[in-house]
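Q: The lines below spell out each chain.
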Amino acid sequence: MNFDYSEEQQLLADSVRRFLQNKYQFEDRKKIIAGEGWSSDVWAKLAEMGLTGLPLSPDYGGFGGGAVDLMSVMEAFGEALVLEPLLPTLMAARLVGRAASDAQKRALLPAVAEGRLRMVFAASPKANVVGAPAAHKLLCLLEKDLFIADAAEVPMKPYRTLDNMLAARIDFSPSKADLLAKDAGAAVEEALDFATALVCAEAVGAMKFSCDTTLEYLKTRKQFGVPIGTFQALQHRIVDMFISYEQAKSMACLACSKVDSSENPAERARAVSAAKIKVADAARHVSQESVQLHGGMGMSEELKVSHSFRRLTVLARQCGDADHHLERFASL
Amino acid sequence: MDLNYSAEELAFRDQARDWLAKSLPAELKDKGHYSKDELLRWHRILAKQGWVAPAWPKEWGGTGWNVVQRYIFEEELGYSGGPPLIPFGLTMCAPVLLRFGTEAQKKRFLPRIYQGEDFWCQGYSEPGSGSDLASLKTRAILKADKYIVNGQKIWTTLAHYADWIFCLVRTDPTVEKRQEGISFLLIDMKTPGITVRPLILMDGAHEVNEVFFDDVKVPAENLVHEEGKGWTVAKYLLGYERMNTGRIGESKRQLARLKEIAAGKMKDMRFRDRLSRLEIELIALEITNLRFLDRMRRTGQPPGADVSMLKIKGTEIQQGLTELAMECIDPLAGDETSMALQKKYLTTRKTTIYAGSNEIQRNIIAKMTLGL
Ligand SMILES: Cc1cc2nc3c(=O)[nH]c(=O)nc-3n(C[C@H](O)[C@H](O)[C@H](O)COP(=O)(O)OP(=O)(O)OC[C@H]3O[C@@H](n4cnc5c(N)ncnc54)[C@H](O)[C@@H]3O)c2cc1C
Chain A
27 MNFDYSEEQQ LLADSVRRFL QNKYQFEDRK KIIAGEGWSS DVWAKLAEMG LTGLPLSPDY
87 GGFGGGAVDL MSVMEAFGEA LVLEPLLPTL MAARLVGRAA SDAQKRALLP AVAEGRLRMV
147 FAASPKANVV GAPAAHKLLC LLEKDLFIAD AAEVPMKPYR TLDNMLAARI DFSPSKADLL
207 AKDAGAAVEE ALDFATALVC AEAVGAMKFS CDTTLEYLKT RKQFGVPIGT FQALQHRIVD
267 MFISYEQAKS MACLACSKVD SSENPAERAR AVSAAKIKVA DAARHVSQES VQLHGGMGMS
327 EELKVSHSFR RLTVLARQCG DADHHLERFA SL
Chain B
21 MDLNYSAEEL AFRDQARDWL AKSLPAELKD KGHYSKDELL RWHRILAKQG WVAPAWPKEW
81 GGTGWNVVQR YIFEEELGYS GGPPLIPFGL TMCAPVLLRF GTEAQKKRFL PRIYQGEDFW
141 CQGYSEPGSG SDLASLKTRA ILKADKYIVN GQKIWTTLAH YADWIFCLVR TDPTVEKRQE
201 GISFLLIDMK TPGITVRPLI LMDGAHEVNE VFFDDVKVPA ENLVHEEGKG WTVAKYLLGY
261 ERMNTGRIGE SKRQLARLKE IAAGKMKDMR FRDRLSRLEI ELIALEITNL RFLDRMRRTG
321 QPPGADVSML KIKGTEIQQG LTELAMECID PLAGDETSMA LQKKYLTTRK TTIYAGSNEI
381 QRNIIAKMTL GL
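Top line first, the protein sequences correspond to chains A and B.
Letter by letter, the first sequence follows residues 27 to 358 in my numbering.
Letter by letter, the second sequence follows residues 21 to 392 in my numbering.
Check before you lean on any hint, since a few could be wrong.
[What the hints assert, rightly or not] Stretch-level coverage of chain A by chain B, calculated; a stretch enters the list once three of its residues show a Cβ under 8 Å from a Cβ in chain B:
1. 316-329
2. 332-340
3. 344-355
[What the hints assert, rightly or not] Simulated DEER-style distance windows between Cβ atoms:
4. B:Asp350 with A:Phe29: 29 to 37 Å
5. A:Glu53 with B:Thr389: 20 to 28 Å
6. B:Leu23 with A:Asp54: 58 to 66 Å
7. B:Arg317 with A:Asp54: 56 to 64 Å
8. B:Asp350 with A:Asp67: 29 to 37 Å
None of these hints come from the bench; they were simulated from the model.
Note that the structure is a prediction, hence the values are computed from the model and not measured.
Yeah, the Cβ is synthetic: ideal placement off N, Cα and C, and Gly gets one too.
Use the sequences and the hints to build the structure in full.
A: This is the structure we're talking about:
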């Protein structure tokens, strides 16, 4: 047993963190939000660090990594509340890698790995899809078959989600689309589990930020002549937040490692659903408490903690809410 | 034991309900945010009917209703779905003036509050003084017949609409008991030296502000009660009859709306259970509230620390309702209805923070009710 990241994984996580600390401060993020909602410069940098190719097969220009390799990256993304649609692209690329023909893979995956091609997946023809306005290709499940189309051919209405992610309401019409794979249900389920496990990791990162910044606030904010962290009522509250965070992190580890190692789809699905349930509960708990313990400041748009709150609110339900995964867990 | 309203009380309720339904303009119903004009429009409709300030003494426009009638009316008002009656003038400044104000102050301010001619805001909190309000620093120094005010307030709700602000200010920084150096001052928002800066909350709305005072000259006649008695005044207001703290009427309306939104989700047993539990919470709160009300009616005693319990449970229910509403929509949705429900969830987080955070309310119960 070994829960540590490998040296390679740690190096990558460190360089991603360093980049985000230098170039993706809360103020930088604000500017991106005020602009297009994502940054092509940042995207280029992510590609340069190898992130767009990380989980792709070496046969198509990737590094052959898995969910565990991406876990620490997604945690770092969660902490910095990164807006760029890396995970949607990697999820769609995974589908292509598992379901498409060799020719299609050759046409798509090397471009993804090099950061030149962004793709997103929609589970139904009319759907709200994160990253769609920045994507070149859209994958869509119609009945049981998987189609792909140029994003430019798909009518879409762009908007920002509650947590400021660039998204679009799409209307995918099959006449303009190519078949990617027939009967792609199992591949989609696998790719969704991959994405769900990494959404868990991202939420864990956002929770880490919320916990850390709240702890810092409890140590510095003074009322009644003392730091509010000296009040036992609040000490217990923040302890519970950290417990939620740790439990969520454990479950994200479980989900990512099962996605990578499990031969048995039911075993993988159970682990991922269990993780998502725990992460959803923890995200709700940590986000709500982080705002509450900040008092009025927690409500302010000016503080990152309220943005982390919004992100966690969405992440808790993205890729299936706790009820959805409870149903799935219990049925397996 | 009889938990029912009397026949007269029921008739009173029906009359209030009918009038409210008939008088509330449809375009003011169930909006998330209201403009100043919309707030005042509803205020004036109620004022014209003579129902905008039921609890005031009759000579100033009160209705003379008993506590139960007032409670029923407030609940119906909340249930109507109309704009909220902004409390700062009607149920904060006015009761203070009625209890501590001079005749001149009452004559000058009360009729204008009643008619909705002056919009008031509340200047208590400061950057360094939230829960620990008594540490406030905004300084007022009496020079001849004017107070010179310097300092800053924060989180001032609707200060950008306000004509007047009532403030707690420090008039004496030297007294040993810091509460005794605080005074209650009424300040015209048009006075030179006042700057209002918006603070945007996480739902993107402009509802609160920072208010800066830079050598603001306030006539000494705007002091309420005596100098150094501001804390007494503020405490009186906290103990002032606040039987609607739980906001039962509003929550009942939100619950009814939630059931409409959730119509398609009622087959989902997990969701249905949560909704039912929340509804039961609300019933329990309502009966608790009525118990306190009944006791108050019979003993004439103001509710005291019990109000804290109503605030805690009432705000938890309000938050729970917004959370369930959010479960009815796609978390990634961007349409107007979904966004409004999500933003309602965001903004409702404030209810456990403001008006004495729920932690402070628990401290009050621990100390006052349980003697800890
Ligand atoms: C939307 C909104 C509108 C508002 N409107 C107004 C207004 O119109 N006028 C006005 O004057 N103020 C207003 N306020 C301010 C509000 O009253 C304060 O936010 C509140 O009193 C808390 O103070 P604080 O924000 O400084 O938090 P702090 O007092 O710093 O508290 C931070 C955290 O510590 C907790 N805490 C503090 N002391 C203790 C303790 N002894 N034991 C346990 N826990 C403790 C708090 O509960 C909170 O969770 C508003 C606030 C909001 C969010």
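Q: Does each hint fit the structure? Answer for all of them.
A: We went through each hint and held it up to the structure:
1. 316-329: Held - the region 316-329 of chain A has 9 residues with a Cβ nearer than 8 Å to chain B, which meets the minimum of three.
2. 332-340: holds (count 6)
3. 344-355: holds (count 4)
4. B:Asp350 with A:Phe29: 29 to 37 Å: Distance hint for aspartate 350 of chain B, phenylalanine 29 of chain A holds at roughly 35 Å.
5. A:Glu53 with B:Thr389: 20 to 28 Å: Violated, since glutamate 53 of chain A and threonine 389 of chain B (Cβ atoms, about 46 Å apart) do not stay within the stated range.
6. B:Leu23 with A:Asp54: 58 to 66 Å: The hinted range 58 to 66 Å holds for leucine 23 of chain B and aspartate 54 of chain A, with Cβ atoms some 59 Å apart.
7. B:Arg317 with A:Asp54: 56 to 64 Å: The hint (56 to 64 Å, Cβ to Cβ) holds, given that arginine 317 of chain B and aspartate 54 of chain A are roughly 60 Å apart.
8. B:Asp350 with A:Asp67: 29 to 37 Å: Between aspartate 350 of chain B and aspartate 67 of chain A, where Cβ atoms are some 31 Å apart, the hint holds.
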